[in-house]
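Going down the list, the sequences are from chains A and G.
My numbering numbers the first residue of the first sequence as 1 and each following residue consecutively.
My numbering numbers the first residue of the second sequence as 1 and each following residue consecutively.
FYI, nobody ran anything at the bench for these hints, they're computed from the structure.
Note that this is a predicted model, so its numbers are computed, not measured.
Where is the CB? At the ideal position from N, CA and C, for every residue including glycine.
Treat the hints with caution; some may be incorrect.
Stated by the list, open to error - Short derived list, chain A residues pointing at chain G, Cβ under 7 Å:
id, residue
1, Tyr5
2, Pro72
3, Val104
4, Val206
5, Ala207
6, Gly209
7, Gly216
8, Arg218
9, Ala232
10, Trp237
11, Leu240
Stated by the list, open to error - Straight-line distance between alpha carbons at most 27 Å, and here's what the computed DSS-like set of lysine-lysine pairs gives:
id, chain 1, residue 1, chain 2, residue 2
12, G, Lys130, A, Lys89
13, G, Lys130, A, Lys130
14, A, Lys86, G, Lys238
15, G, Lys138, G, Lys86
16, A, Lys89, G, Lys89
17, A, Lys130, G, Lys86
18, G, Lys86, A, Lys138
19, G, Lys138, A, Lys138
20, G, Lys130, A, Lys86
21, A, Lys89, G, Lys86
Protein chains: 2
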Amino acid sequence: MHRFYVPDLPHEGALVALSDQEARHLTQVLRLELGDQVRVFDGRGRQHEARVEVAARQRAEVRVGAEAAAAPEVPVRLALAAALLKGDKFDDVVRDAAMLGVHVVHPLVTARTEVPAARAGKVSRVERWKRVSLNSVKQCGRAVVPDIEEPQTLADALTHLPRPLIALVEPSLAAGTSALPQRPDTATVLVGPEGGWSPAEVEALVAAGATLFSLGGRTLRADAAPLVALTALLWEWKAL
Amino acid sequence: MHRFYVPDLPHEGALVALSDQEARHLTQVLRLELGDQVRVFDGRGRQHEARVEVAARQRAEVRVGAEAAAAPEVPVRLALAAALLKGDKFDDVVRDAAMLGVHVVHPLVTARTEVPAARAGKVSRVERWKRVSLNSVKQCGRAVVPDIEEPQTLADALTHLPRPLIALVEPSLAAGTSALPQRPDTATVLVGPEGGWSPAEVEALVAAGATLFSLGGRTLRADAAPLVALTALLWEWKAL
């Protein structure tokens with residue numbers, strides 16, 4: 001069943017127009033027609049059945065039907081605070097985080113982040129990650145679209161990230177601190193850049209109360225580390 | 001420290017020539033010179049220090065030095081039997097499996113595999129996956145290069161895959177069979193294609209004694225499912 005994102009989703013029985021982008025997808029990519037059954041979701045957890053009532057060149061309207069269950073949300077409200085990566089690799093981080101059930105992604109500019117600050121903060125990049133997040137949600141069946149915050153420094157982020165903080169670190173730093181918290185209601189998972197956290201950042205993480213944990217002796221690719229860390233934690237908490 | 005693959009690695013003190021591909025990498029990509037320190041590994045777990053003694057245009061020889069510890073191997077000898085995927089996505093499956101510590105990858109042709117059989121079995125594809133596996137190993141620090149078997153059907157594979165078998169299935173099928181085995185010495189993780197296992201394949205898995213497990217309610221991308229499944233199991237076994 002094809003699913004479309006309608007942020008201002010009206011109640012059952014109402015007729016609603018899709019955004020230009022979603023309308024083009026419905027009419028030109030999927031070539032749906034009058035009467036076709038679809039689903040619409042508001043990005044905050046609500047999803048309904050719907051029926052196509054207008055499918056013109058670049059315009060589409062659907063009649064909202066009964067509520068329809070979306071994929072269940074993870075029972076932990078998870079934030080991912082991950083360092084920006086080179087090239088387009090952060091796209092994959094956003095995509096994987098949305099798939100695994102994260103609620104918000106905080107891109108971090110860290111001491112060893114190898115992305116020019118000017119590029120990191122470009123509005124177009126944040127908009128792009130929001131699209132990546134939405135597309136991933138459509139694929140995995142969630143009705144919640146993770147938000148993408150503006151990139152910020154680790155120091156700034158530490159002042160307001162949801163607690164508890166759980167930071168992925170090198171095995172040598174995690175020794176003796178392997179006691180992860182019991183399943184919390186909210187949590188932030190922090191993952192560093194290709195070159196890892198600087199010593200000062202590790203100190204700042206500890207000072208902020210973060211639990212340091214590691215994922216064994218093999219070096220994970222920076223773009224895969226968030227997915228592996230999130231999976232391990234969700235499995236640990238029986239929340240996957 | 002740059003690492004090079006030397007399958008027939010001689011003992012300490014010997015001089016050894018790198019393969020054409022590894023030699024080009026040393027001389028033309030990394031531009032290493034006489035006297036530079038590197039490491040060499042044999043793909044089966046042995047790694048040594050080494051020093052460049054010949055670095056010509058397409059030729060490189062190194063003097064083997066003392067043994068050097070590689071990244072520790074996972075304490076479970078893991079096979080991944082994963083269905084072939086469309087496009088180049090199986091490259092990512094191989095890359096991630098090598099990173100996480102798998103010992104061998106068995107590409108599967110399943111009922112719903114959407115890859116033409118002719119293409120699936122092309123020798124050049126297996127050779128390509130072997131290169132992907134090697135490159136991933138170089139990045140993650142292992143000295144063991146996972147082998148890639150020829151693609152085969154699930155039925156053929158089930159006759160000889162290492163036991164216990166642990167198959168990722170839809171949540172509806174895993175109910176009541178969530179009891180994973182205690183950490184074994186060997187195991188095979190089985191993951192289906194984009195469209196999942198056919199009912200007959202699920203029956204064949206059960207008949208072969210496989211434990212069925214699932215990863216919750218959100219739909220995982222087929223190319224990410226093996227990484228998520230392997231991570232969850234290795235974490236469960238405290239083997240990551």
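Status of each hint after checking the structure:
1. Because the closest C-beta pair between Tyr5 (chain A) and chain G is about 16 Å apart, greater than 7 Å, the hint is violated.
2. The interface hint given for Pro72 (chain A) is met, as the beta carbon of that residue sits about 4 Å from the closest beta carbon of chain G, less than 7 Å.
3. A cut of 7 Å between beta carbons decides the hint on Val104 (chain A): the least distance to chain G is about 16 Å, and the hint is violated.
4. Hint on Val206 (chain A) is violated. Least Cβ distance to chain G is approximately 22 Å, over the 7 Å limit.
5. A cut of 7 Å between beta carbons decides the hint on Ala207 (chain A): the least distance to chain G is about 27 Å, and the hint is violated.
6. This hint is violated: Gly209 (chain A) has a C-beta 23 Å from the nearest C-beta of chain G, more than the 7 Å allowed.
7. With its C-beta approaching chain G no nearer than about 5 Å, Gly216 (chain A) sits inside the 7 Å limit, and its interface hint holds.
8. The interface hint given for Arg218 (chain A) holds, since its Cβ lies 5 Å from the closest Cβ of chain G, which is under the 7 Å cut-off.
9. Taken as an interface hint, Ala232 (chain A) checks out: its beta carbon lies about 4 Å from the nearest beta carbon of chain G, inside 7 Å.
10. Against a cut-off of 7 Å between C-beta atoms, the interface hint on Trp237 (chain A) is violated, since the closest Cβ of chain G lies about 11 Å away.
11. With its C-beta approaching chain G no nearer than about 5 Å, Leu240 (chain A) sits inside the 7 Å limit, and its interface hint holds.
12. Only pairs whose Cα atoms come within 27 Å are accepted, and Lys130 (chain G) paired with Lys89 (chain A) is accepted, the gap being roughly 23 Å.
13. With a C-alpha separation of about 35 Å, the suggested pairing of Lys130 (chain G) with Lys130 (chain A) is violated against the 27 Å cut-off.
14. As the CA atoms of Lys86 (chain A) and Lys238 (chain G) are separated by approximately 31 Å, the hinted pair breaks the 27 Å bound.
15. Between Lys138 (chain G) and Lys86 (chain G) the alpha-carbon distance is near 26 Å, which keeps this suggested pair within the 27 Å criterion.
16. For the given pair, Lys89 (chain A) sits about 16 Å from Lys89 (chain G) by alpha-carbon distance, which is consistent with the 27 Å threshold.
17. Pair hint Lys130 (chain A) plus Lys86 (chain G) holds up; C-alpha atoms about 26 Å apart against a cutoff of 27 Å.
18. A distance of roughly 20 Å separates the Cα atoms of Lys86 (chain G) and Lys138 (chain A); the hinted pair therefore holds under the 27 Å criterion.
19. A threshold of 27 Å between alpha carbons decides the hint, and for Lys138 (chain G) with Lys138 (chain A) the separation of about 35 Å lies outside it, so the pair is violated.
20. With a CA separation close to 26 Å, the supplied pair Lys130 (chain G) and Lys86 (chain A) stays within the 27 Å bound.
21. As the CA atoms of Lys89 (chain A) and Lys86 (chain G) are separated by approximately 21 Å, the hinted pair is consistent with the 27 Å bound.
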